Amino acid sequence: MHDHTIAGLAAALERGECSSVELTRAALERIGQAADLNAFITVTPESALAEAEAADAARARGEAGPLTGIPIAHKDIFCTDGVRTSCGSRMLENFVPPYDAFVVEQLRAAGAVSVGKTNMDEFAMGSSNETSYFGAVKNPWDRQAVPGGSSGGSAAAVAAGLVPAATGTDTGGSIRQPAALTGISGLKPTYGRVSRYGIVAFASSLDQAGPMASSAEDLAILLEGMAGFDRRDSTCVDRPVPDYRAQMVGTDLRGLRVGLPREFIEAEGVDAEVSSGIDAAAQALRDAGAEVREISLPNAGMAVPVYYVIAPAEASSNLSRFDGVRYGHRCDAPADLEDLYKRSRGEGFGEEVKRRIMVGTYALSAGYYDAYYHKAQQVRRLVQQDFARAFESVDVIAGPTAPSTAFPLGEKADDPVQMYLSDIFTIAVNLAGLPALSVPAGFGGGRPIGLQLIGNHFDEGRLLGAAHGYQQVTDWHRQRPVVEE
Amino acid sequence: MPIDANEVGQIAHLARLSLSEPASQAYARNLSEILDFVEQLGAVDTEGVEPLAHPLEMTQRLRPDEPTESDERERFQAIAPATEDGHYLVPRVIE
Numbered sequence: 001m002h003d004h005t006i007a008g009l010a011a012a013l014e015r016g017e018c019s020s021v022e023l024t025r026a027a028l029e030r031i032g033q034a035a036d037l038n039a040f041i042t043v044t045p046e047s048a049l050a051e052a053e054a055a056d057a058a059r060a061r062g063e064a065g066p067l068t069g070i071p072i073a074h075k076d077i078f079c080t081d082g083v084r085t086s087c088g089s090r091m092l093e094n095f096v097p098p099y100d101a102f103v104v105e106q107l108r109a110a111g112a113v114s115v116g117k118t119n120m121d122e123f124a125m126g127s128s129n130e131t132s133y134f135g136a137v138k139n140p141w142d143r144q145a146v147p148g149g150s151s152g153g154s155a156a157a158v159a160a161g162l163v164p165a166a167t168g169t170d171t172g173g174s175i176r177q178p179a180a181l182t183g184i185s186g187l188k189p190t191y192g193r194v195s196r197y198g199i200v201a202f203a204s205s206l207d208q209a210g211p212m213a214s215s216a217e218d219l220a221i222l223l224e225g226m227a228g229f230d231r232r233d234s235t236c237v238d239r240p241v242p243d244y245r246a247q248m249v250g251t252d253l254r255g256l257r258v259g260l261p262r263e264f265i266e267a268e269g270v271d272a273e274v275s276s277g278i279d280a281a282a283q284a285l286r287d288a289g290a291e292v293r294e295i296s297l298p299n300a301g302m303a304v305p306v307y308y309v310i311a312p313a314e315a316s317s318n319l320s321r322f323d324g325v326r327y328g329h330r331c332d333a334p335a336d337l338e339d340l341y342k343r344s345r346g347e348g349f350g351e352e353v354k355r356r357i358m359v360g361t362y363a364l365s366a367g368y369y370d371a372y373y374h375k376a377q378q379v380r381r382l383v384q385q386d387f388a389r390a391f392e393s394v395d396v397i398a399g400p401t402a403p404s405t406a407f408p409l410g411e412k413a414d415d416p417v418q419m420y421l422s423d424i425f426t427i428a429v430n431l432a433g434l435p436a437l438s439v440p441a442g443f444g445g446g447r448p449i450g451l452q453l454i455g456n457h458f459d460e461g462r463l464l465g466a467a468h469g470y471q472q473v474t475d476w477h478r479q480r481p482v483v484e485e
Numbered sequence: 001m002p003i004d005a006n007e008v009g010q011i012a013h014l015a016r017l018s019l020s021e022p023a024s025q026a027y028a029r030n031l032s033e034i035l036d037f038v039e040q041l042g043a044v045d046t047e048g049v050e051p052l053a054h055p056l057e058m059t060q061r062l063r064p065d066e067p068t069e070s071d072e073r074e075r076f077q078a079i080a081p082a083t084e085d086g087h088y089l090v091p092r093v094i095e
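Line order of the protein sequences matches chains A and B. Quick note on numbering: the numbering used here labels position 441 of the first sequence as 441, and the sequence is numbered without any gaps. Quick note on numbering: the numbering used here labels position 47 of the second sequence as 47, and the sequence is numbered without any gaps.
Treat the hints loosely; a few may be bogus.
[Claimed, not checked] DEER-style ranges, computed between Cβ atoms:
1. A/A26 <-> B/P91: 49 to 55 Å
2. B/D85 <-> A/E17: 56 to 62 Å
3. B/L62 <-> A/R239: 30 to 36 Å
Since the hints were made in silico from the structure, they are not lab data. Computed from a predicted model, the values in this text were never measured in an experiment. Built from N, CA and C at the ideal position, the CB exists for glycine as well.
Excised from the complex, chain B in its bound form (with noise of 0.2 Å):
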């Protein structure tokens, strides 16, 4: 299915992702030529094939409901790019 520069910019802002014009250009041929390939899926009979999500079909593990980790804020905001008193900062969100 071909995808054009339009729906380029709907699926980059469900992804949260800035382009610049030119490059969607570019993307809504790649994309649809990505899109045109993977169809040929639709010509295998799948009528009663349960889907795998998992190459070893396990369950999730679960564990006690107990505290596992202990408090590494200060080393973990080390590296984030803008803290202030323990918090992480982002533009203002409430007027």
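Okay, chain A solo, but in the shape it has when bound (with noise of 0.2 Å):
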């Protein structure tokens, strides 16, 4: 079961060669066996099993969608109903919200069953989920390193074949990174494509969900089930939903015009094995019959200085709503009202988080706003004019999706300025607001490497067509990690 994608598991099922509740009862039994990977922070065998019954009903009845009783599991940031949604953060570790995310109710109105949550970087914020209050998560294919982050829980419950997909969230690179890391599929679509209702916020103008799982295909299948209007978001776009799976199926490679930014090509820090992966992957793309060229995109060194005055300053903002008061961490025997807010947060919140909330405060301050703020608001129309000017010419823009393949756990933990360059490649992407992806793409030393296929905005379809199409000429999505001990 565990080496099967979505619409393998779909097809099974629709055959009657097993049944959701059989599917589920396996993914939670291969949680509990892969429990010293710790991608999970709550299991929920009860809901599942329920769920699971009641898709197998569903389906008996005749009322099967493609995501109809597959067994899945939700990033910890995505609020759940009567089911505890950390955040990977203390102040949050007795929060149990009294409502879904749009994402989940989409994805439990679609059949899918959800198995519980995984672990993350606390607030999403890290690229190696090793800032989670409840520790690191480890790398199914390599043990001593990262998963990635900071949807590291979701990419390595996937990677191991715990669950088939899971969900994400991609401020700066925290679905296609770990996806990278991980050697899965993973999509960051255009920014409000899908609805952020529910969503434990971080930077409102760079958020947004997507899927992670094993194909391309069932990228499609699952960005299908979880994109739709929500008024709830005032920035979710009232847009209809197409028939991704169509898309992707009806792009052809041939004629494709691909671009390859020479600024992430000939960029500084990038692995050997990486590059030589990328060099490989282009010339697939090549012998399949896409118009490969070199692009330019200026301004792309920028990116990550801009996400790093824009992330934290929104930061700042959205995470003023923590107070001691409403819900969440409440220190003991507050003196009065001001030590109540500082201790609460000073103790909720870990070093990470409360670094950036600092930033970002720093970057909004009277005197530094504009300096900073202003002008990284500046730069980020620079970034997003590169895009723009690029998309005049090619399809998809190709390259790397993060620098290096996993590294050692701890090894960039006390620095974060160089944990910030794991997202060199994918945080240009969040500032455009376009949607990406990330594919395996190869192994260096063992470990995966990821290719990011770039779209324009709304061109979901034809970027998936692109990445299933490569996954069609090569087998790189289909290998998987000894996970078993």
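With the hints as a guide, dock the two chains, each given alone in a separate frame, to form the complex.
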């Protein structure tokens, strides 16, 4: 069961070869066997089995869709009614939301079975999953290495075959970078494509939810289940959801114009094995008939510094809601209101979260606003204009997802700036609000390499088609780590 | 621009975060490195460039000013650390 795609499992369910209850039991058992990965914060066996029974009943009535009865997991940033949603933080260690996130509602309505909540960097702030209050997650390919972050638990769970798919969120690379480091496929949709309602907010002009799975086809199935208009997110786009699977299948690599940004290919600090993996991927696209050409994104190098002003600024504002009064951690015996705020927040937030709140507070403070925040927003426009110019002459942009393969646990944990540079190729995409995905493209030293493909706004169908075409001529996405002890 | 532990204390106060003395020293070093790193933005010519706040440059969607939510005070207060008679409890603010 554990090496099947959603498409494969749905076919097996339809043929009656297995039931959703059996699939769900198998997933729960495998989660238990792989507990040392620390991929889950909360597992919900009872509700999962009840949902699986309901899915089997729906199928018996002839009411099954492509996700009916498929076990999935949600990143612990999505609010789940009645199920603890910690966001990887002590602040929300005991927080049980009174409502479901839009994505959770949508996937439940589509018949998917939620088996639990996956581990993540605290408040999605990290690129290694090491900032989680619930401990680091191990990479199933190399248990001494990180799985990437912040959606590290979802990535490890899919890579290890604990579940065929999981949800993630991506503010600066948090779906794509862990997908790359664990050898799975992960998509960040266009900003506004998927409602942010019920996602614990980090940086609201950048946050976007998306699917993580083991093929481009599965990403298409999941995106169709997650997307849709929702008036409860004021930035959600009111636009019909296309048949992504049909658009994917209808995309031909022959004649597809693929741009390789010089700035990504020649960037400093990229591992030689990653570079040669991306060269080989570009050649595979060429061999399949794509027109691969070099392009330029002159301001791409400024994306990380822009992000580390804008994201902390938005985070400092968003996280001001955690005050120890309405929900979340509250300190013992506060002397006065200020003491209540300061100690509840000081105790509830981890180091990286406090660091980013302070960077954001500083960047927004009187006297520094123009030099940091205003300036960063101006350079953000230049980054976006580079992409707009590039998409006048190409359909898809290709390059590495991350500069290295999975790095050892602890290696960058004490060096924030080095950690931030893990997202050097993913961040520009969030600043511009574009859709992008990562697919497996080989190995270096036994650890996976990710190929990033970037599309134009709302062009997910063709983007998925390019990834699907690549997966028709390669089999990197079918490789699995050995998980059993 | 280097930040010292004293400035970290001021920033932490603005952000309502309690920090220990040794932690403030470490944050001073980290924050200085991060600000140093983002200062390369100063080298970019942005003369006449409009700031970009939203990737799709959407404007706020408006709705009629009509009630859409029902009263769920009890359900929402059930997850609060301290309440009494439907109110959230905080330390005394008026003597």
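The hints, checked one at a time:
A beta carbon spacing of about 52 Å between A/A26 and B/P91 agrees with the range 49 to 55 Å that was offered as a hint. Between B/D85 and A/E17 the beta carbon distance is about 58 Å. The supplied range of 56 to 62 Å therefore holds. Checked against the given bound of 30 to 36 Å, the beta carbons of B/L62 and A/R239, roughly 18 Å apart, lie outside it.
The structure fails hint 3 only (numbered hints given earlier).
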